[in-house]
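**Q** By my numbering, the letter at position 21 of the sequence shown is numbered 21, and the numbering carries on one by one without gaps.
FYI, nobody ran anything at the bench for these hints, they're computed from the structure.
All values derive from a computational prediction rather than experimental measurement.
Even glycine gets a Cβ: it sits at the ideal position worked out from N, Cα and C.
Hints should not be assumed to be uniformly reliable.
Just the calculated beta-carbon pair ranges, DEER-fashion [claimed, not checked]:
id: 1; residue 1: A70; residue 2: S5; range: 42 to 50 Å
id: 2; residue 1: L41; residue 2: D82; range: 32 to 40 Å
id: 3; residue 1: R117; residue 2: G84; range: 15 to 23 Å
id: 4; residue 1: V114; residue 2: R33; range: 27 to 35 Å
id: 5; residue 1: L39; residue 2: Y59; range: 22 to 30 Å
id: 6; residue 1: A73; residue 2: I113; range: 42 to 50 Å
id: 7; residue 1: R112; residue 2: V45; range: 26 to 34 Å
id: 8; residue 1: R33; residue 2: I113; range: 17 to 25 Å
id: 9; residue 1: W63; residue 2: A92; range: 35 to 43 Å
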Amino acid sequence: MTLRSLFHYGAIASLVALILLSLAWELVLAPLRPGGSFLALKAVVLLLPLMGILKGRVYTYQWSSMFILAFFAEGVMRGWSDSGLSQRLAWAEIVLTTLFFACVVLWVRNERIVRARAAR
């Protein structure tokens with residue numbers, strides 16, 4: 001497995017895990033209101049970059065690196081303000097967003113190197 005594919009699959013795995021975490025968190029594990037909350041819709045927003053990430057589109061990787069920072073900020077805020085299970089889920093969100101960000105940035109960096117070598 002090359003570094004390129006490692007970062008690609010790492011980005012996919014962390015994004016899918018973040019989608020599943022968001023759904024489980026807001027619908028089952030620790031919703032703001034009993035029975036779930038509208039915050040589960042944030043998982044729908046996370047679907048926006050999924051196809052581009054799956055297909056390895058550089059542009060999607062680039063904008064999703066900035067896009068994911070909103071979810072990182074949410075995790076930090078809820079990690080500090082919430083308590084109990086919700087706080088632990090927020091820290092899991094921080095870990096997943098950090099992993100996604102690192103994989104995306106490293107994949108784009110590696111992709112530029114590969115394309116530069118191919119252009120020679």
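**Q** Would you pick out the hints that fail for this structure and give their numbers low to high?
**A** 1, 2, 3, 4, 6, 8, 9
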